[in-house]
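Hey, can you work out the whole structure from these sequences and the hints?
Listed here are the chains, written in short residue letters.
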Amino acid sequence: MEFTVEQIALMLNGEVKGDKSLKVSQLAKIEEGSAGSISFLANLKYEQYLYSTNSTAVIVDKTFEPKKEYSTTLILVDNAYASFTVLLQEYQKVLAQNKKGIEQPSFISTSANIGSDVYVGAFAYIGDNCKIGNNTKIYPNVTISELSTIGDNCTIYSGVKIYNNTIIGDNCVIHSNSVIGSDGFGFAPQADGTFATIPQLGNVIIENNVSIGANSTVDRATMGSTILREGVKLDNLVQIAHNVEIGKNTVIASQSGVAGSTKVGESCMIGGQVAIAGHIVIANNTILTGRSGVTKSVRKSGRIIGGVPAMDNHDLLKSQVLFKNFPKIEQRLRDVEEKLKEK
Amino acid sequence: MEFTVEQIALMLNGEVKGDKSLKVSQLAKIEEGSAGSISFLANLKYEQYLYSTNSTAVIVDKTFEPKKEYSTTLILVDNAYASFTVLLQEYQKVLAQNKKGIEQPSFISTSANIGSDVYVGAFAYIGDNCKIGNNTKIYPNVTISELSTIGDNCTIYSGVKIYNNTIIGDNCVIHSNSVIGSDGFGFAPQADGTFATIPQLGNVIIENNVSIGANSTVDRATMGSTILREGVKLDNLVQIAHNVEIGKNTVIASQSGVAGSTKVGESCMIGGQVAIAGHIVIANNTILTGRSGVTKSVRKSGRIIGGVPAMDNHDLLKSQVLFKNFPKIEQRLRDVEEKLKEK
Amino acid sequence: MEFTVEQIALMLNGEVKGDKSLKVSQLAKIEEGSAGSISFLANLKYEQYLYSTNSTAVIVDKTFEPKKEYSTTLILVDNAYASFTVLLQEYQKVLAQNKKGIEQPSFISTSANIGSDVYVGAFAYIGDNCKIGNNTKIYPNVTISELSTIGDNCTIYSGVKIYNNTIIGDNCVIHSNSVIGSDGFGFAPQADGTFATIPQLGNVIIENNVSIGANSTVDRATMGSTILREGVKLDNLVQIAHNVEIGKNTVIASQSGVAGSTKVGESCMIGGQVAIAGHIVIANNTILTGRSGVTKSVRKSGRIIGGVPAMDNHDLLKSQVLFKNFPKIEQRLRDVEEKLKEK
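Residue numbers (the numbering used here), protein chains in the order written: chain A, 144 to 486; chain B, 144 to 486; chain C, 144 to 486.
Please note that the accuracy of each hint is not assured.
If chains are identical, the list can't say which one is meant, so a pair holds when it fits in one copy or spans any two.
To be verified - Straight line, CA to CA, 25 Å or less: simulated DSS-like cross-link-like pairs of lysine-lysine:
{"#": "1", "residue 1": "K210", "residue 2": "K163"}
{"#": "2", "residue 1": "K211", "residue 2": "K188"}
{"#": "3", "residue 1": "K160", "residue 2": "K205"}
{"#": "4", "residue 1": "K391", "residue 2": "K172"}
{"#": "5", "residue 1": "K484", "residue 2": "K471"}
{"#": "6", "residue 1": "K205", "residue 2": "K166"}
{"#": "7", "residue 1": "K274", "residue 2": "K243"}
{"#": "8", "residue 1": "K482", "residue 2": "K471"}
{"#": "9", "residue 1": "K211", "residue 2": "K163"}
{"#": "10", "residue 1": "K188", "residue 2": "K406"}
{"#": "11", "residue 1": "K274", "residue 2": "K242"}
{"#": "12", "residue 1": "K467", "residue 2": "K443"}
{"#": "13", "residue 1": "K461", "residue 2": "K471"}
{"#": "14", "residue 1": "K471", "residue 2": "K443"}
{"#": "15", "residue 1": "K172", "residue 2": "K406"}
{"#": "16", "residue 1": "K160", "residue 2": "K210"}
{"#": "17", "residue 1": "K439", "residue 2": "K461"}
{"#": "18", "residue 1": "K471", "residue 2": "K439"}
{"#": "19", "residue 1": "K439", "residue 2": "K188"}
FYI, nobody ran anything at the bench for these hints, they're computed from the structure.
What follows is the structure in structure tokens.
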């Protein structure tokens, strides 16, 4: 497929600076584009590439003012990054292979309720009394255990395992090999040093518009529910323990973990490899920087926190610089001690 | 199903304070209970809820003395927490869909030896010369490779992959998508900068009563065996490297890793996101707090250790407070230097 | 199978010191060997076992000089460790069950192109227009989505999920339940607090001789490719984000993560649980010690770096010792302050 620069400017509500009749047929990074490519420039770190790019057209912010000559055609928009995202989405809609139908062999319980326009891949397993919404795609080698419900327009990628009694809303995406509803890590110590298993009788509830990356785990509640609220986004290899609740639109990067019964607020941004202890509360709009370890509740919203144990990130950065210079600081103390002896 | 409060008191060897004839049909948290619920109160942090709960009955310790009016019926027992666990287990036994039989299509080698009352889910794969014990459940999409043995009363959840020659005891539970017996990370550097693969010819041995969470990995030994001793409990996303041995009744929380050839003692408690280096020894009854990084052997048993590199947790907490106040401490040093100049 | 010590010495280009006619039939660690075993001694930490081993023969370096009596037979070689590796490889070749053929039921698209001498396990799924090279093994419950290419002599273990358009070279090994080509974690914040999904239209390219452990994740690029260069080795539970490039022969240990768009150089050695931030560059031959957190580019090659944020490992060790003694150092400062007051 090919579009003129003018067609794309129209789609993006933008203005063309250059030849409107040029044709583009692919998306490319500004530094990698060739004739027929369309690129974008949002981060000025990449401005240099504008002056040398081979892309036929580049989407830029209206407010951008070139400092040198350039040979590409510009499309001026309110927000170059957002516009490019729109373009990607349109492109993907075209690309998307709209999978439908039931591949064989698959296993669908006779008591399961399957919506319209559903895709079920080969070797997928849908247990007793499950309910799968309309337009939902279940890829090969997925297992959905009994009494689970999945909403409309969901994509459950290959190898995902969903335990019994899980409830998943509409427009959710779960990437390969993530596990939803496994037992919480609950063991009661016995007098003889062994541990008795505490039955995990709760479930997992995932609301609408949630995305989960690959190889992540969300444990079921001991009683009640582990809950991911509307719009939550989890990256790969994230651990959500039993009875945790993650607030609306909170985003958690790769390899982070939230321990049991903790309640994370709305619109939080949690970096990679963060650890959040159990039985605490994190206020709305909290930012936890990568690698932080939070052991106490964060009650005031909007703080930026980092380190182990976590503190205000501003203070952390200061302490970290001093830590780096610790040998010099200790030498200064030594010098002071020496001087005092002399006196 | 419905029970009278009296029936439950009998089952738990407890005493009723209130109306014995009331009926309960579900378990609930004390703060969430409604008519027909039974709850428990073990941690006095939750005592307030006793006075307002809507649960029909609450299990409490014999020694508990209410400080206010309450409207629920009490069941007095020796240990409320333990009693509730018993109740949960009974409840689960009833709930448990006692899956049995071989679903189709599944793949069972003709040389495999399958016990009695076994469940094999659809798309499960059991390789040549495998042995599956009585009452064991193999969920859909599990792969068990040749020459592996699984004992009696085990539950292998959907998507677990067990490599060849693995030995698993009785009463073990492995949650979805965990991998047992993958190759250890062994590569020999070559003169040209490449790495030659060191064949991993050992296996994994998992003793009785071991539980493993979801998406964890236990590598096979280079030679000999990687061993999880009786009663070990691993959480989700835990890494156990080649030739590691984890002692009896040791518990390891989520996202922790133990590097190659390390030997962890018995009854250790290892927090989340802990890293234990290779080729070291951790004594019995060691507690490693969350996020700690242990690089040297811990030879004295019963220590509580934290930090990176790990030290006594008591000392760690002191150093962490000083780290947080490092800018103030450095200012004090600056003041001292200033004063000395003046003199 | 049984070999004489002489046969093995011949295979390894070694010299026998002792009885050449003795027979060995198994490999064992020097401390665990019994009659009929062959072991090796490379690390002198284990020298003591040479004098007590029950192994029939032990491979040692030519340069090794025993300090005590011993009863085993020695095979002297240039490099005991390398020689033992050769032996292991030969042993494994014999052991290896050379799996071939297509097990049923499996799902192979009619448009897929399958090479010669390929193994496809039951419940494996190979999508439209995929290409599988000669001698490659696809184990049970693997899913390979449309338009993906896998080279010759690869082993894709059970449960691996490969998304569409992935390109994998020759001689690659991917262990169970790893995921290749899942979406990058890309979401554009919207004015109403929700996040719009940024379509991930790129792919993953894995060059020749790459090994990936179990339960690791390699995300596809937003545009362009996420790339693992020739000879890269990843351990278990490793996260490689979108648009990352890992240079030739770089090795990454378990539970480490590399964030989006970062470029790691050649022949780097990255320890366990390391975090590398996004959009940075790591020079060739960099060593990152376990648990380090790298937030800025490392431009000079060959450095050894550790800590959070990462610094020269030599300096880190000094600062860590001082951190451990922080209470004593603060007390010294207190003493100094006290003395100054007195004056």
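Go through the copies and call it for K205 and K166: within, between, both or neither, with a Cα cutoff of 25 Å.
within (22 Å within a copy, 70 Å between copies)
Please work out whether the CA atoms of K467 and K443 approach to 25 Å or closer within one copy, between two copies, in both situations, or in neither?
So K467 and K443 pass the 25 Å test across copies only (19 Å; inside, 30 Å).
Checking K210 and K163: alpha-carbon separation at most 25 Å within a copy, between copies, both or neither?
So K210 and K163 pass the 25 Å test inside one copy only (22 Å; across, 81 Å).
Up to 25 Å between alpha-carbons, please classify K471 paired with K443: within, between, both or neither.
between (36 Å within a copy, 24 Å between copies)
Given identical chains, is K482 near K471, meaning Cα to Cα at most 25 Å, within a copy, between copies, both, or neither?
Classified as both: same-chain Cα gap 17 Å, cross-chain 19 Å, threshold 25 Å.
25 Å Cα cut-off: does K188 pair with K406 within a copy, between copies, both or neither?
between (38 Å within a copy, 17 Å between copies)
When no copy is specified for K211 and K188, does a C-alpha distance of 25 Å or less occur within a copy, between copies, both, or neither?
within (15 Å within a copy, 65 Å between copies)
How would you classify K484 and K471 at a CA-CA limit of 25 Å: within, between, both, or neither?
Cα proximity of K484 and K471: in one copy and across copies (20 Å, 19 Å).
Alpha-carbon proximity between K461 and K471, which holds within one copy, between copies, both or neither at 25 Å
Both: 15 Å inside a copy, 10 Å across copies.
Are the CA atoms of K471 and K439 at most 25 Å apart within a copy, between copies, both, or neither?
Between copies, since 23 Å is at most 25 Å while 32 Å is not.
Are the CA atoms of K160 and K210 at most 25 Å apart within a copy, between copies, both, or neither?
within (15 Å within a copy, 78 Å between copies)
Reference check for the pair K439 and K461, CA-CA at most 25 Å: within, between, both, or neither?
both (21 Å within a copy, 17 Å between copies)
When each numbered hint is compared with the structure, no violation occurs for any of them.
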